[in-house]
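Protein chains: 2
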Amino acid sequence: MAKRSGTDKSACTREKAAEAATKLVARHGFAETTFKMLADGLGVSEAEVLRHFPNKNALMHEMVQTMIRHNHAVVDGLLRADDDAGYRLLRHCVGNVVWALRNRGAGAQILILLYSLAGRRKEFADTFDRMTAGGRQRILKHLMAGKREGMFHFTSDPATIAELLHHSLFGAMLYAAAAPEGSVKEAGLEAAWMKVIIALTNYDGQPTRP
Amino acid sequence: MAKRSGTDKSACTREKAAEAATKLVARHGFAETTFKMLADGLGVSEAEVLRHFPNKNALMHEMVQTMIRHNHAVVDGLLRADDDAGYRLLRHCVGNVVWALRNRGAGAQILILLYSLAGRRKEFADTFDRMTAGGRQRILKHLMAGKREGMFHFTSDPATIAELLHHSLFGAMLYAAAAPEGSVKEAGLEAAWMKVIIALTNYDGQPTRP
Chain A
26 MAKRSGTDKS ACTREKAAEA ATKLVARHGF AETTFKMLAD GLGVSEAEVL
76 RHFPNKNALM HEMVQTMIRH NHAVVDGLLR ADDDAGYRLL RHCVGNVVWA
126 LRNRGAGAQI LILLYSLAGR RKEFADTFDR MTAGGRQRIL KHLMAGKREG
176 MFHFTSDPAT IAELLHHSLF GAMLYAAAAP EGSVKEAGLE AAWMKVIIAL
226 TNYDGQPTRP
Chain B
26 MAKRSGTDKS ACTREKAAEA ATKLVARHGF AETTFKMLAD GLGVSEAEVL
76 RHFPNKNALM HEMVQTMIRH NHAVVDGLLR ADDDAGYRLL RHCVGNVVWA
126 LRNRGAGAQI LILLYSLAGR RKEFADTFDR MTAGGRQRIL KHLMAGKREG
176 MFHFTSDPAT IAELLHHSLF GAMLYAAAAP EGSVKEAGLE AAWMKVIIAL
226 TNYDGQPTRP
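Line by line, the protein sequences give chains A and B. Residue numbering for the first sequence follows this note's numbering, beginning at 26 and increasing consecutively. Residue numbering for the second sequence follows this note's numbering, beginning at 26 and increasing consecutively.
Any given hint could be a false lead.
Since the list gives no way to pick out one identical chain from another, each pair is judged satisfied if it fits inside one copy or across any two copies.
In silico SDA-like pairs for lysine to any residue, Cα to Cα no more than 25 angstroms straight-line [to be verified]:
| id | residue 1 | residue 2 |
| --- | --- | --- |
| 1 | 81 | 179 |
| 2 | 210 | 180 |
| 3 | 210 | 57 |
| 4 | 210 | 148 |
| 5 | 166 | 224 |
| 6 | 210 | 181 |
| 7 | 147 | 207 |
Hints were generated in silico from the structure; no laboratory data involved.
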């Protein structure tokens, strides 16, 4: 019992540390964030933080995992069981851009940072590759569902459309996280992405509900 | 005469400094790159470098301008006067991704860095905004030319298509700069982007030459 509670406390501290680190990194930058700043913010000793993360690379990997978990929880929470594939894809795209917009001061900066680190340091190549491959796979899943449901009619092969949508979505997310405040308005996103989906899939945009 | 030669030398050193700084930043990161490293690399005194760039923000702005000039020179150099609008747009997209791929260790890292800095620090908002607005404008110009030439038939308004293509192109460039070596192959780019352009513009993909 005591052990279990100890494990829970440890897991919580690890995740809490990653969340606190995310905010520090989003404000100050990765190189500028120190274990001392993180320990001070958490009200624990530096040794306690170092027990969870022996170095900043380990901390970065945990921040990426936390960011992905948070993003998936938010975006998947928007999907509704009675939406057709067109609307599920729409909610996926809009949800991701809104997530980036609302997490400009947190996880979305970790997304940009991962691009930066992966481009310069081989030890982040796998993490970057897994994240982007996962993102592309999620889009392809929506596209194939739409094809099965007879909603989408592709003029190019679905893998090419998925790659385009993936680049477009990540481009839009990175833009939402970096562009001056007010450049991206949540209100216009659904209409814009609906046009995009129609252009790429010939979806008729009329949701069918069972 | 002496003054003119002095000015030329100064301009050259400023651009050379920005180029050298770009390589250092692409390798070590922005925070990790010091004026001392830059001066050592150039074989000049730190005071000489500081005469051009009073601080790292000024250096970053020059790196961005150098990166944009280089990108435009490379991409515009690919356009051929006898290409129709569809092929000009194709060369624009492929050229930008190839530029990012070939400049993974230089300018393309400055592109990622600008996203990172703009998201965290207001003093880079204008620079980021000008760069992305310029990129979107260049795409819109190609789209409108294709419409005038009777090559493109849009199912959505051109501004929406331009925004999608812009996000997709920047997304693809950032991916090319960050993804593990070999993830993006130059050989496949032209066919993939031709499919993208056809999907978005209903371009028939048959170049017309006068």
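Intra- versus inter-copy proximity for residue 179 and residue 81 (alpha-carbon distance at most 25 angstroms):
So residue 81 and residue 179 fail the 25 angstroms test inside a copy (44 angstroms) and across (48 angstroms) alike.
How would you classify residue 210 and residue 181 at a CA-CA limit of 25 angstroms: within, between, both, or neither?
Intra 31 angstroms, inter 19 angstroms, cutoff 25 angstroms: inter-copy only.
Within a copy, between copies, both or neither: where do residue 210 and residue 180 come within 25 angstroms Cα-Cα?
between (31 angstroms within a copy, 23 angstroms between copies)
Tell me, please, which holds for residue 210 and residue 57 at an alpha-carbon limit of 25 angstroms: within, between, both or neither?
Intra 31 angstroms, inter 35 angstroms, cutoff 25 angstroms: neither.
Alpha-carbon proximity between residue 147 and residue 207, which holds within one copy, between copies, both or neither at 25 angstroms:
between (35 angstroms within a copy, 13 angstroms between copies)
Quick one: residue 210 to residue 148, C-alpha cut-off 25 angstroms, is that within a copy, between copies, both, or neither?
Only across copies: residue 210 and residue 148 sit 21 angstroms apart there, 36 angstroms inside one copy, limit 25 angstroms.
With identical chains treated as interchangeable, where does the CA-CA distance between residue 166 and residue 224 reach 25 angstroms or less: within a copy, between copies, both, or neither?
both (18 angstroms within a copy, 19 angstroms between copies)
Checked against the numbered hints above, the structure violates hints 1 and 3; every other hint is satisfied.
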